[in-house]
Amino acid sequence: MKKTLLCIALAGALSASAQAADKIKVGFISTLSGPGGVLGGAIRDGFQLGLDHAGGKLGGLPAELIVEDDQQKPDVAKQLADKLIKRDKVDFMTGIVFQNIMQAVQGTVLGAETYYVSPNTGPSNLAGAGCNPYFFAVSWVSDSYSEATGKTMTDKGLNKVFVIAPNYPGGMDVVNGFKRYYKGGYAGEAYTKLGQLDYAVEISQIRAAKPDAVFFFLPGGMGVNFLKQWHQAGMGKEFPLFGTGWSFDQDTLAAVGEPTEFALNTSHWNLDLDNPANKKFVADFEKKYKRLPNEFAAQGYDAARLLDAAVRDVKGKVEDKAALGAALKAANFESVRGAFKFNKNNFPIQNYYLRQVRKDDKGRFVNKTVGTIFTDHQDAYVSACKM
Amino acid sequence: MNWIFFFEQCLNGLQFGLMLFLLVAGLTLIFGIMDLINLAHGSLYMIGAYLVATFAQASGSFMLAVALGLVATAIIGMAVEVLVLRGLYKRDHLSQVLATFALILIANETTRAIWGVQPLSLSVPAALSGSVELLPGLHYSTFRLVIIAVGLAVAALLYFVVVRTRVGMLVRAGASNRQMATAMGTNIKWLFTAVFGAGAMLCALAGAMLGPLLAVQVGMGENILILAFVTVVIGGIGSMRGAFIGALLVGVVDTFGRAFIPTLLRTALPPSLADAAGPSLAAITTYLLMVVVLFWKPQGLFPAGS
Amino acid sequence: MRLLRYAVLAAVCLLALAFPQLATWADQEFYISVASRVLIWGLFATSLNLLVGMGGMVSMGHAAFFGIGAYVVGITAVEAPQWSGALLVLPLAVLVTGALALVIGAISLRTRGVYFIMITLAFAQMLFYVFISLKGYGGDDGMQLLARSPLGSLKMADDTVFYYLVLALLALCLLGLARLRDSRFGRVLAGIKDNEARMESLGYATFRFKLTAFVIAGGMGGLAGALMANQNGYLSPNMLYWDQSGTALVMVILGGLGSLWGGLAGAAAFLLLEEVLAAFTPHWQIILGLVLLGVVFFAPRGLAGLFARKPR
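Chains as they are written, first to last, in the working numbering: chain A, 1 to 387; chain B, 1001 to 1306; chain C, 2001 to 2312.
Honestly, the hints are just simulated from the structure, not real lab data.
Treat the hints with caution; some may be incorrect.
[Claimed, not checked] Think about it this way: if two alpha-carbon atoms lie no more than 20 Å apart in a straight line, the pair counts; the simulated EDC-like pairs of lysine to aspartate or glutamate are:
(1) A:K160 - C:D2194
(2) C:K2155 - C:E2029
(3) A:K179 - B:D1275
(4) B:K1090 - C:D2194
(5) A:K362 - A:E189
(6) A:K89 - C:D2194
(7) A:K86 - C:D2027
(8) A:K83 - C:E2275
(9) A:K359 - A:D212
(10) A:K160 - C:D2027
(11) A:K317 - A:D45
(12) A:K89 - C:E2275
(13) A:K86 - C:D2194
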């Protein structure tokens, strides 16, 4: 009975606040527990820092951040999205790490015409034919990093490359992005079980195939396992290793250490990108959380900055959906990646960089930017978007 | 296919099998003697790996860390036995499943509260990293050779214990004959605690051996727990011989499945179909193996007590 | 005591019937879909309870039927949209999962105890790996449903309408189970659970009884999966994963093994506990673990045991 009374009181409070629009509510669903929790935690920390830098406000209005843990389970995420939209009536949603979680909540969030700003996952269907005016990504399309890796390996004149990736459609998409830009030949390909622990078989296959270089895409714990075993077998000295930035984010480098050294990888952001917004972000992040930020944190930070800019541009009138959409699209903020703008599918047009893992002067393993692969790169799906 | 490659894959299979055996040995010991289904076995493995990694970072010595980690995990295991598991021996298997599932939740969340969400790093001394040339053209990871050696040593030690000692008699009596075990004396309570401590120690050893090869993170226990149970069931629950042979069988079948099925299918099927089916088939070989074994031998290869 | 039980039962039924009105009245319509989710999990747990509690067959692969039931809805919507009406697709899900259970059961029931736990788990895991690599049906990303399966002129998109459909199906299943339990079949099954060898020596073909129970439970699990796909508008291989089987098993033990209401009570308690604890502390799983331990030691017959008749 107490609960019902509480509900009524709450409902009264809600209907009162709806008219005033005196604060901005952001629903943040992310993977905060389990092995994937590292990524969600980084995004949340970055987003929180973005809010801090705006004085805890969005566009000058007090901001309320409602954080929920999806436990990396699609049905849990779906219910949380329902709750945030129907009960809490949030103005924006953000936070999701994984593509299958996005697929599960997409109908609920976009169907309710709530703006979703993705601080990570960028499914290719949302960039192409399924593009949606309510979906913005401050990250990338899922195969952009591997496109950049493919381009790099072509530019380096490699002609005998070994590819290893997990056997599921998401993994295949990344490999297809790689193949779109890699023009050389192949020494072999191995597709492993999702969540595989031991890579001795594949490492033996690679050694027998004698490739010029190896491209690997193994997300999360699989990548850590592979890197450790690769290093253990002494493979790093014989075969150069190329990967995507996801396998070499700062948290992974700190945890895995030496096995990552010298590996080449691609990302749209790095610690050492030379722009004022990034310098402030990196310094303040390290001060607040006692560790260096990674790209997931950078994406979370940019998501908060984008919301701040959009609410400011519409002068707090978030009910005007059309104006709000235009303000989001204008992206009037200084991104930590440097200049970027949204394409017509609401995905970024941005640069991609080549990075190499090295030791810095404090003995930490960090990525050093060693080149620019793409300038103002557009994804492969934008032409299919009818928006 | 050349012979070096084939031989290397055989070594990989042996190594993976012995890696599994380290985990499965403790599970078998505990099941065989106490008739306890311990789902939290994977959690002890995780705790072992975390402790070894932490001690290694603090002391800088891998060997010292392994020794400390083994002792500490055994103590934690015995504490859990006294506080919780002791009350479960007389209960049915379902209560044991629920209680040890609860222990998994507690262990995972406590680990996250103490160590945070980032994976820990654990690397081996420089002498054990890199590879050695076993035969001309055959390089093999030194640390994986160490795993093979440790696995064989543990197997030999357990063989001795099972065949020669009073504890071993209990194991041989098997899960089916608990009454005899309880009739053996008043000290049985503490013997059980000691056996559980030994099982926990084996978990920590597995954690120390696998930590340098696998991500040390929350949830690592459940990833490997299922594989461990599959192995136990193929070998025959509670049978140490079954655990050993089951582990080797799973190791070899899984390794060969991954190494050769995709290639073999490509010779038999059109490439597009083979590429689609190969990796999927390779992913489920261990489960297929279990179904086939249980179809012919519903009690596993070496039923306990036989 | 008996009176109290009836009073509780009547109160629960009334609450279930009036829940959407109460929620609407409190301006909290969101909780209607939460309640549907609880009922669907309850149905799934109840189907497992038929196996575990009534038949003594502990399965760790029940998610196979949950997931395949959902995929029947998803695949029908893509391949044969003309069949996607609820009156066709829900029975189809039951038939397909029932047939699947016949095959899995025929092989698995050769084994017992822990072997049975693991062989059922193996089947579900194999299906998980097959569906995760099937690009045609979304693989790891799963499948989105454009709309709920239509049923006559009912507005299925309305959460209240859908809630009553789920409630009606659950009530039907519970009623069927109650009759089954008191039938000759149910008594033989209970006999097998107690002492299979004795039932065999009495001349019962125990394998056929167990297989029949397995098929019924599979079909009911498939129905739950089909409803869950409709509830979420989304399905994925995650529904086949072993942790779904494990969650259902925990719900059954928590609620009360073999009790008619055990599955539903366990599902409601588990999901509520999750919801309340998660709001309370980020480390809520420690408390959940402690609560489950408490159940094992202090309420060995589950929540239903707290209200049940004295053991016979």
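Item checked: Proposed proximity, E2275 of chain C with K83 of chain A (alpha carbon, max 20 Å) -> holds, 12 Å
Does the structure keep K86 of chain A and D2027 of chain C at a Cα separation of 20 Å or less?
-> holds, 10 Å
Is the hinted pair K362 of chain A and E189 of chain A satisfied, with a Cα-Cα distance of at most 20 Å?
-> violated, 38 Å
- Message: Run the distance test for K160 of chain A versus D2027 of chain C: straight-line Cα separation, threshold 20 Å.
- Response: violated, 64 Å
Verify the proposed pairing of K359 of chain A with D212 of chain A, using a straight-line Cα cut of 20 Å. violated, 25 Å
Are K89 of chain A and E2275 of chain C close enough, with their CA atoms no more than 20 Å apart?
-> holds, 19 Å
Original post:
Has the given pair, K86 of chain A with D2194 of chain C, been kept, meaning a C-alpha gap of at most 20 Å?
Top reply: This hinted pair is violated, its Cα atoms lying about 49 Å apart.
- Regarding the pair K179 of chain A and D1275 of chain B, is the alpha-carbon distance no greater than 20 Å? Holds, at about 16 Å.
| Within a Cα-Cα threshold of 20 Å, do K1090 of chain B and D2194 of chain C meet the stated pairing? | holds, 17 Å
Quick one, are K89 of chain A and D2194 of chain C close enough, alpha carbons at most 20 Å? violated, 53 Å
Quiz item: Is K160 of chain A close enough to D2194 of chain C, meaning Cα to Cα at most 20 Å?
Solution: violated, 65 Å
**OP:** Sort out whether D45 of chain A lies within 20 Å of K317 of chain A, counting only the CA atoms.
**Re:** violated, 27 Å
Comparing the model with each numbered hint stated earlier shows that hints 1, 5, 6, 9, 10, 11 and 13 do not hold.
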